[in-house]
Amino acid sequence: MKDLFWLDTGTGRPLVLLHGGFLDHHMWDDQIPAFASRYRVIAPDARGHGRSANATEPYRLTDDLAALLRHLDTGPAILVGVSMGASTAVDTALEHPELVSAVVVTGAGTSEPYYTDPWTNQVWATWHAAMAAGDLDASVEAFTLFTAGPHRTLDDLDPEVVSRERQMARGTMSKHTRDEPNLLVPVSDTWERVATIDVPVLAINGAVDSPDHIGMAERLTRTVADGRAVSIDGTAHYPNMERPDVYNKILEDFLNTL
Numbered sequence: 001m002k003d004l005f006w007l008d009t010g011t012g013r014p015l016v017l018l019h020g021g022f023l024d025h026h027m028w029d030d031q032i033p034a035f036a037s038r039y040r041v042i043a044p045d046a047r048g049h050g051r052s053a054n055a056t057e058p059y060r061l062t063d064d065l066a067a068l069l070r071h072l073d074t075g076p077a078i079l080v081g082v083s084m085g086a087s088t089a090v091d092t093a094l095e096h097p098e099l100v101s102a103v104v105v106t107g108a109g110t111s112e113p114y115y116t117d118p119w120t121n122q123v124w125a126t127w128h129a130a131m132a133a134g135d136l137d138a139s140v141e142a143f144t145l146f147t148a149g150p151h152r153t154l155d156d157l158d159p160e161v162v163s164r165e166r167q168m169a170r171g172t173m174s175k176h177t178r179d180e181p182n183l184l185v186p187v188s189d190t191w192e193r194v195a196t197i198d199v200p201v202l203a204i205n206g207a208v209d210s211p212d213h214i215g216m217a218e219r220l221t222r223t224v225a226d227g228r229a230v231s232i233d234g235t236a237h238y239p240n241m242e243r244p245d246v247y248n249k250i251l252e253d254f255l256n257t258l
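Under the UniProt record's numbering, think of the first position of the sequence shown as 1, with each following residue one higher.
Simulated from the structure, these hints should not be mistaken for laboratory data. Just so you know, even glycine gets a beta-carbon here, dropped at the ideal spot from N, CA and C. Don't take every hint at face value.
[What the hints assert, rightly or not] Label-pair restraints from in silico Cβ distances: (1) R228 x R152: 24 to 30 Å; (2) H71 x H151: 40 to 46 Å; (3) R152 x D245: 15 to 21 Å; (4) T74 x H128: 23 to 29 Å.
Please model the complete structure; the sequences and the hints are all you need to start from.
Structural data, given as structure tokens:
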């Protein structure tokens, strides 16, 4: 585990906070202190993100997480994830169910996403073209549009939230080069298997996130045995950063039902 970074703070039931793609554990800065008084909060940086080393051999994010939880001798844990982190949480419920007691997702269903919304596809295309060209500034700017979602501009957001998101994205994107191999091994048949997840699943979506992101999370909660979905008004892909007070209350209420 020496090549991976994580925070481990507080005592109580394990609550694992999984950040979105190209970000890092700092996206949870408004949650970590709020929950560490009652939970053991574990917030890793995924491989190739933040302070964790880049991959040198094939890996799966779910296996990294499982290895971390076993290393910390903890579990089953409540897994809370946004975007890529949500995908990792769901994959872990499928691949390592003995380590998971509940799942909370935002803006994702499984690690096999699909996109039909024109705005989402346009942002993806612009962002990936910038990454392929090795243009860090353009990559960060295109990626940051997900913070606003399809119905707002970045000027509509709290500048502090946008600044934090840009800073994390730049930190992780600058660790990578356009010619490096992609060593991430996909988890297969996730949508076919999600009905087997038997722990409680909650989706906390941003109400003005892209319809694809909301739709995948809601499909997940409709498919599992015990799923429910709520939305936070005036937020898009990162509701925990935009309205942490509302997000934390929803998460706290859910945790109290477990």
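Of the numbered hints stated previously, which ones are contradicted by the structure, given in increasing order? The structure conflicts with hint 4 only, although it agrees with all the remaining ones.
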